[in-house]
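Build out the structure end to end from the sequences listed, making use of the hints.
Here is how the chains run, residue by residue.
Number of protein chains: 4
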Amino acid sequence: MLWFDCDYNKGCADEIMERISAMNDERYIGYGEDEICEKAAEKIRQAVGLPDAYVKFLVGGTQTNLVAITASLRLTEGVIAAKTGHIYVHECGAIEHAGHKVIDLPSHNGKLDPEEVAEYMKHFYADSTYPHMVKPAMVYISHPTEYGSLYTKDELKRLHEICETYKMKLYVDGARLGYALGAKNCDVTLKTLGEYTDMFYIGGTKMGALFGEALVIKDKTLLPDFFSIMKQSGAVLAKGWLLGAQFDVLFTDGLYEKIGRRAVELALTMKKGFIEKGYRTYMDSETNQQFFIIEKKKLPELEKNVSFSAWEDFDDDNKIVRFATSFATTSSDVEELLKLI
Amino acid sequence: MLWFDCDYNKGCADEIMERISAMNDERYIGYGEDEICEKAAEKIRQAVGLPDAYVKFLVGGTQTNLVAITASLRLTEGVIAAKTGHIYVHECGAIEHAGHKVIDLPSHNGKLDPEEVAEYMKHFYADSTYPHMVKPAMVYISHPTEYGSLYTKDELKRLHEICETYKMKLYVDGARLGYALGAKNCDVTLKTLGEYTDMFYIGGTKMGALFGEALVIKDKTLLPDFFSIMKQSGAVLAKGWLLGAQFDVLFTDGLYEKIGRRAVELALTMKKGFIEKGYRTYMDSETNQQFFIIEKKKLPELEKNVSFSAWEDFDDDNKIVRFATSFATTSSDVEELLKLI
Amino acid sequence: MLWFDCDYNKGCADEIMERISAMNDERYIGYGEDEICEKAAEKIRQAVGLPDAYVKFLVGGTQTNLVAITASLRLTEGVIAAKTGHIYVHECGAIEHAGHKVIDLPSHNGKLDPEEVAEYMKHFYADSTYPHMVKPAMVYISHPTEYGSLYTKDELKRLHEICETYKMKLYVDGARLGYALGAKNCDVTLKTLGEYTDMFYIGGTKMGALFGEALVIKDKTLLPDFFSIMKQSGAVLAKGWLLGAQFDVLFTDGLYEKIGRRAVELALTMKKGFIEKGYRTYMDSETNQQFFIIEKKKLPELEKNVSFSAWEDFDDDNKIVRFATSFATTSSDVEELLKLI
Amino acid sequence: MLWFDCDYNKGCADEIMERISAMNDERYIGYGEDEICEKAAEKIRQAVGLPDAYVKFLVGGTQTNLVAITASLRLTEGVIAAKTGHIYVHECGAIEHAGHKVIDLPSHNGKLDPEEVAEYMKHFYADSTYPHMVKPAMVYISHPTEYGSLYTKDELKRLHEICETYKMKLYVDGARLGYALGAKNCDVTLKTLGEYTDMFYIGGTKMGALFGEALVIKDKTLLPDFFSIMKQSGAVLAKGWLLGAQFDVLFTDGLYEKIGRRAVELALTMKKGFIEKGYRTYMDSETNQQFFIIEKKKLPELEKNVSFSAWEDFDDDNKIVRFATSFATTSSDVEELLKLI
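Chains as they are written, first to last, in the working numbering: chain U, 1 to 341; chain W, 1 to 341; chain R, 1 to 341; chain E, 1 to 341.
Keep in mind the hints are simulated off the structure, nothing from the lab. The reader is advised that the hints may include incorrect statements.
Remember, identical chains collapse to one label, so a pair may be satisfied in a single copy or spanning two.
Lysine to aspartate or glutamate pairs mimicking EDC-like chemistry, simulated, CA-CA at most 16 Å apart [as the list claims (entries may be wrong)]: (1) K122 / E312; (2) K184 / E15; (3) K167 / D225; (4) K296 / D315.
Here it is, written out as structure tokens:
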């Protein structure tokens, strides 16, 4: 079976497994207060160009979004997101459950249009009834988006500017951040995120870790009670060093970017192969997730040997299908796949 | 000054003030457990054709929506509403604050299109990732809507049918219900609501009461802990008989419908007058709220003598303006207004 | 029937009913933005000696506690209260439902002992695991308490001092505040509350209003989004002027204190009468609520003519019974009661 | 350094690390839907004697308590716990943050007294104001407790009986369950828990897993939306098979009990050693946590070589100190410790 269904279907990169095995005889202080977490945090602070940032490790993406966003909002504040944003669609209403509206704006291949955000805010404060409405206090974007698309540095800068104007925070869900960093034409670096956003997380789970996400909060004084908020949400891992160690490995010798680059190269090879065989892409992704339009009648045969994700119908006869590469994909996986299609 | 800004700018109908004055020397049991509340509830049960319904009186509309909706939903369930619905726009995220997503569908003059609800539900359960998504468990409509439009009996029936298919509750926000009942071509009666919905409230505040809304829950066993939930939300009025008495008056000798009918007649006279003077309506409302397109440059003069509500821009030169009649509007108010425009 | 069951079993003081009747033909701006609310707020600001305070009118006590407390706390913060405090016992978990722990300390006749609060805080921060615990950020007291007892000025001052030390807010639930102000030996005035607390509310519902509580927030910059928070909790009354008018009347010609004083005098006459007839008091209340120990076998006869509140058992043969006077109690009520016991 | 500070200061049992390493090349379906989770669940179902139980794996204890408890309660319901219970003290108000009061009853060496629960419930429903109060709908106990003490089968049975009488669920926090199962005089087995409780979790994190807790819900129809609730709380691990695999190992060849038994034996040897050297125990624990009274002046010297937990002061000169054994403790650790004291 060839596995292209998602980027979290295998344990972890070998380097990480070795590290976790090797440290199994050691003793550590719990709750992420250990020295390995601190070391990994320091590496991340350097990488993002924020020597004073507050860095915390959490177990998963929904959890990280939930804790980071709700810790940042006052009671009547909400967060703007694209209608396709993960927090809007696929986290079972975690943000709303925690008390905050997710204000949806149109999705353009998974992205928010900064000018539409600006327009929304202009109208919001122009409406004299706004004290009866949820106040937008944060903008959420995912990068890469759920559709594999990427923001440019200019777009990020513009969103930052709009957020400053309207006193909103800019938050980036980087569940697949490494696949953005590994994309050829992406001018958004870790330092760009450090410069133009208020908070973002560097995804581990989908980037070769067993689990784990690294949350970076630019202003370390922003959330003095953040540990307690994590604890209250059940988001503190007792053996926190397991998280620190994984990010320590990922941020050693550029492993994080290396994993991203490799997976993206394989994804582009795959895309090229599909196109050469006459398939259309549903949208032009430059990252590890590729969306093709495939005849429904072809799918059952393909499913026998390949695991992939069928998304919605494109039309009566065709489906949009996602093939994802990851840290675990090999060149031969892609070659075999291209033979099968 | 002529008051057409809204339908809650004056105390109450004279009949209600007389009643409240007259009963001021009496003593009652608190928290709505008195006999006047029971008497009013019984009148409402008769009027809606549900002799076994559970009827509770609350103070305001946002409060009623908040308590009724959140009492009905499980943790991961949400409520579908039109993007212009009051709970979506103008209640400061009360439903989300209480933990539940409001799932917005397009607004058609303030209304949900039943077929779009059906379509949404079909797609929802067709998506295999739906356990990661907020489950629609209720449909919220307002009748009349925030734009004065009305659902037909057939539309209500169809929504009811869809709700049955997908095990959702149908809830009607009747903040201005009397102005629907008083509309000429409205085939939705109190008994229709009793038949096709699961819960609805009969608005008092905007219909001539000092304050108060009567919530009707069809299945009295549905929410056995409803009193406690009200209490927990600060929604139990200590001197509950004040609510019961007002609804007792409104449901005596058809006062509720009478108020609605009169206000709608005045609204239609007003509409006719505006049209005769060459104004365009923004949308064709049959109820007490009328929306006209007025040149912006005319507004300052008008504002000197008339109180009205400027809504959004229609275009660069024109504004959408709402004029509302109510239990408090007189024929001479309308005549004078028509002279001024 | 003689009514001593509670202090909210009758509509309102005649002065208030006259005012509400008289203003029924006027038109006002909604949501408490009217000039009557502002006038009443100004009278209250003068009375409490805080010319810059933020004053808002809400409908009921649970609602006021809920909104004021939850608006003030961060996610992991809680509020200290006596185990007999209204928010701990009788508001159906409103504070917890809104996300915050009520931390109970022992009740001494309904009161917190300031030194026990100090002790709790000392231990809290001495425990190195405190980031895993709910952080006390507010102290809640009721004055008079649920048992009719009163704090002294010195106790209030001491609580204020402790709160300053540990960066906590001091909040006073004044549901029956007028009955404290009317007590003979109470050295806590409205100005004392203004000086030593951060927030408190002046109760109306139990003091002769139809409904309504006036919340006073010392630092008006503390909660810039307070109106929105009220709205979100369904706590904004559409016809807000009804609240303003009632407090305007209560704070005209000292009516509020007058009502309190009269009711307390009648309560003390009642207490004297009970004692002279050989009854024991359960605790020595100086306010409008009096608690007596009465043989269970005597109660059925008494219940035929008097409405009162049976509290818990004192022992197998005796019950603790509460008799409350109020704005509505007359001298002859008390005389007749004393004949019956 | 000798590590006796807690039972979660080392990665995992060797058997578990081997398994996780060995499976690192395999591919699995995400979110716990894989076959290893199902296999582990089935082993647990057999072990607890509930062939139809619903078993889910979560990452940590606070998370498990939070999700399990809040999924089970209606809006105005609360959970009874001992004042020393983990959910009451050390989870930063997670349950309250999710909207529910934790109703504290006295702690007897960490345990609830069943008769005090019965008494509380009797009084609760005898109080006619109970609809204004949080309704106890669940009883939470930890076994072993936070103080290492154990419930007897008879106590569990009695709690079960009381819960049935008052329609409450009985929930057991088994963070350290294996150390109870390994205690000599403990007559509560996994099957006892299956028989007398409604939900409980089998702790992994403190029992030799890297992380993970197995929640057992007796009635699988109770919480049909449990997966979604987990997701909403950020409690679904993407690579869920990591949890399943760990519990599969723990429930193979009796490893779980073996780990518990060994640690308890070492703890009892340690206790014996302390007593022989003249130390007093603070309370008589039969499990892996032992509490001794130690002179404060002795602690600095001891801290140089031993890691332990200083709890509260016993008196001015003495401290209560906890020494915990775990899956990671060796006989020589204990021997060396006893030499040092």
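Evaluated hints:
1. K122 / E312: Between copies, since 12 Å is at most 16 Å while 34 Å is not.
2. K184 / E15: neither (25 Å within a copy, 43 Å between copies)
3. K167 / D225: Result: close only across copies, 14 Å inter versus 21 Å intra.
4. K296 / D315: within (10 Å within a copy, 46 Å between copies)
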